[in-house]
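Engineer: With the hints as constraints, model all of the structure from the sequences given.
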Amino acid sequence: SISGRNIRIEHDLSMPTIKTRLCLDTSKAKELLNWEPKVNLDEGIRKTIEWYKKNCL
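Count the sequence shown with the numbering used here and you get residues 1 to 57, in order.
Just so you know, these hints were derived from the structure itself, not from any lab.
Among the clues, some could well be false.
[Unchecked claim] Computed cross-link-like contacts, DSS-like style, restricted to lysine-lysine with a CA-CA straight-line distance of at most 25 Å:
| hint | residue 1 | residue 2 |
| --- | --- | --- |
| 1 | K38 | K54 |
| 2 | K53 | K30 |
| 3 | K38 | K28 |
| 4 | K38 | K53 |
Structural biologist: In structure tokens form, the structure reads like this:
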């Protein structure tokens with residue numbers, strides 16, 4: 001895994017106000033701003049984890 005850990009995800013269905021799905025769409029930014037991502041999703045997650053470990057732990 002990207003984080004180097006096996007993380008178990010548990011879904012708590014007793015809390016219906018929490019979104020269980022999240023879809024990100026960058027098409028509007030691409031269209032209006034001519035924006036393109038500089039890193040792919042896996043690298044972005046890896047960099048976020050590295051930053052978190054360095055700055056928050």
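Engineer: All the hints need checking, so say for each whether the structure fits it.
Structural biologist: Results of checking the hints against the structure:
1. K38 x K54: 22 Å, holds
2. K53 x K30: With a Cα-Cα distance of about 31 Å, the restraint between K53 and K30 is violated, given a limit of 25 Å.
3. K38 x K28: Given that 25 Å is the threshold and the Cα spacing comes to 16 Å, the pair holds.
4. K38 x K53: 22 Å, holds
In summary, the structure is inconsistent with hint 2 from the numbered list given earlier, while agreeing with all the others.
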